[in-house]
Amino acid sequence: MKRRSAGRWLQVVGIGHGVLGAVTYRDVFVDMAREGLIDSVPDRGDRAAAFWFMAAAPALWMGGRLLRAAEEHEDVPAQRAAGVVLTVVGATGTAMMPKSGFPALAGIGGLLLRRSLRG
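Residue numbers (our numbering): 1 to 119.
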């Protein structure tokens, strides 16, 4: 029986993050599009929050794709490194923002750590 891919789960989180961001910040993106996108994101505020929320989506998806490659090639050190990073980021994010998606990262990271330390 083939085990579930942590990389695939991370890609799903990335897609979900993008969909949630598009829905949550749709009014902000509409305003930005109306006013022109060039130089439309300040350092702080709703536009900055929307931009950085959406910027995380492709990074999560890409990380998941790279993790899938590490799983396919049985690159245990890469999987362990991803497990450590995802667990630390997920646990820290969960402590700081309990009502967020960070527990998913902690869970995926924990799964990777358990697998990589076993084999």
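It is worth saying that the hints were derived from the structure and are not from the lab.
Keep in mind it's a predicted model, so treat the numbers as computed, not measured.
Heads up, some of the hints might be wrong.
Distance ranges between label pairs, derived from CB positions [what the hints assert, rightly or not]:
1) ASP27 to PRO77: 43 to 51 Å
2) VAL84 to ARG34: 18 to 26 Å
3) ASP46 to ALA69: 18 to 26 Å
4) ARG80 to PRO103: 15 to 23 Å
5) ARG115 to ALA22: 29 to 37 Å
6) SER5 to VAL89: 13 to 21 Å
7) VAL85 to SER40: 14 to 22 Å
Listed below are the simulated SDA-like cross-link pairs for lysine to any residue, each with C-alpha atoms no more than 25 Å apart in a straight line [unchecked claim]:
8) LYS99 to THR87
9) LYS99 to THR24
10) LYS99 to MET54
11) LYS99 to ILE15
12) LYS99 to LEU111
13) LYS99 to ALA48
14) LYS99 to TYR25
15) LYS99 to ILE38
16) LYS99 to ARG8
17) LYS99 to LEU117
18) LYS99 to ASP27
19) LYS99 to LEU37
20) LYS99 to ALA59
21) LYS99 to LEU20
22) LYS99 to GLU35
23) LYS99 to ARG34
24) LYS99 to GLY18
25) LYS99 to ARG26
26) LYS99 to VAL19
27) LYS99 to PHE53
28) LYS99 to LEU113
29) LYS99 to GLY45
30) LYS99 to GLY14
31) LYS99 to ASP75
32) LYS99 to GLN11
33) LYS99 to GLY110
We put the beta carbon where it would ideally sit given N, CA and C, even for glycine.
Do the hints match the structure? See the list:
no. : hint                        : result
1   : ASP27 to PRO77: 43 to 51 Å  : 44 Å, holds
2   : VAL84 to ARG34: 18 to 26 Å  : 43 Å, violated
3   : ASP46 to ALA69: 18 to 26 Å  : 36 Å, violated
4   : ARG80 to PRO103: 15 to 23 Å : 21 Å, holds
5   : ARG115 to ALA22: 29 to 37 Å : 32 Å, holds
6   : SER5 to VAL89: 13 to 21 Å   : 19 Å, holds
7   : VAL85 to SER40: 14 to 22 Å  : 31 Å, violated
8   : LYS99 to THR87              : 17 Å, holds
9   : LYS99 to THR24              : 15 Å, holds
10  : LYS99 to MET54              : 18 Å, holds
11  : LYS99 to ILE15              : 19 Å, holds
12  : LYS99 to LEU111             : 21 Å, holds
13  : LYS99 to ALA48              : 20 Å, holds
14  : LYS99 to TYR25              : 17 Å, holds
15  : LYS99 to ILE38              : 32 Å, violated
16  : LYS99 to ARG8               : 23 Å, holds
17  : LYS99 to LEU117             : 30 Å, violated
18  : LYS99 to ASP27              : 22 Å, holds
19  : LYS99 to LEU37              : 30 Å, violated
20  : LYS99 to ALA59              : 21 Å, holds
21  : LYS99 to LEU20              : 14 Å, holds
22  : LYS99 to GLU35              : 32 Å, violated
23  : LYS99 to ARG34              : 31 Å, violated
24  : LYS99 to GLY18              : 17 Å, holds
25  : LYS99 to ARG26              : 20 Å, holds
26  : LYS99 to VAL19              : 17 Å, holds
27  : LYS99 to PHE53              : 15 Å, holds
28  : LYS99 to LEU113             : 24 Å, holds
29  : LYS99 to GLY45              : 20 Å, holds
30  : LYS99 to GLY14              : 17 Å, holds
31  : LYS99 to ASP75              : 33 Å, violated
32  : LYS99 to GLN11              : 21 Å, holds
33  : LYS99 to GLY110             : 19 Å, holds
The structure is inconsistent with the numbered hints 2, 3, 7, 15, 17, 19, 22, 23, 31, although it conforms to all the rest.
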